[in-house]
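Chemist: Can you build the whole structure from these sequences, using the hints too?
Counting along the sequence shown from 1, when you hit position 89 you're at 88 in numbering that gives the first Met the number 0, and nothing is skipped either side.
Please keep in mind that the hints were generated in silico from the structure rather than gathered at the bench. A couple of the hints might just be wrong.
[As the list claims (entries may be wrong)] Listed next, the in silico EDC-like pairs over lysine to aspartate or glutamate satisfying Cα-Cα at most 16 Å (straight line):
1. 19 - 9
2. 50 - 40
3. 42 - 57
4. 7 - 21
5. 7 - 23
6. 59 - 75
7. 7 - 26
8. 42 - 70
Computed from a predicted structure; not experimentally measured.
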Amino acid sequence: MKGLQQIKSEIDQLANNSNKTELEVVDALHKYYFNKAVTAEIKHYKKKTKKVAQITKDLKISHRRFYKILEDKKVEFTKYNKSKDDIEE
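Modeler: Encoded structure:
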């Protein structure tokens, strides 16, 4: 329990120093570490050492969200179009 109390006290100190609420501090930390994890997974994706299914499972996000992140970071990926016109031909 000491670890949790220490983390809570550090979050309180950050909140007091930056004039933010505790929730805003925790949210900022979550975004930082999530982006750090996504960047590491994108490196694996570019090297083709990991597939999208493995990456989304590790990050606990949907494949659509992962492709949206790739679009935002301007990383090239192949799009598969499953329309009815292609199936009929």
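Chemist: Can the restraint linking residue 7 and residue 21 be considered satisfied, given a maximum Cα separation of 16 Å?
Modeler: Between residue 7 and residue 21 the Cα gap is close to 9 Å, so the pair holds against 16 Å.
Chemist: Does residue 57 lie within 16 Å of residue 42 when you go C-alpha to C-alpha?
Modeler: holds (14 Å)
Chemist: With a cut-off of 16 Å on the C-alpha distance, tell me whether residue 7 and residue 26 pass.
Modeler: holds (14 Å)
Chemist: Decide if the proposed pair is consistent with the structure: residue 7 and residue 23, CA atoms, cutoff 16 Å inclusive.
Modeler: Holds, because 14 Å separates the two Cα atoms, which is no more than 16 Å.
Chemist: So if I understand the rule, the pair passes when the alpha-carbon distance is 16 Å or less; does residue 42 with residue 70 pass?
Modeler: holds (15 Å)
Chemist: Taken at face value, is the distance from the CA of residue 40 to the CA of residue 50 at most 16 Å?
Modeler: holds (10 Å)
Chemist: Can you confirm whether the C-alpha distance between residue 59 and residue 75 stays at or below 16 Å?
Modeler: violated (22 Å)
Chemist: Quickly compare the C-alpha distance for residue 19 and residue 9 to 16 Å and report which way the hint goes.
Modeler: Cα-Cα ~13 Å, so holds.
In this structure, the one hint that does not hold is number 6.
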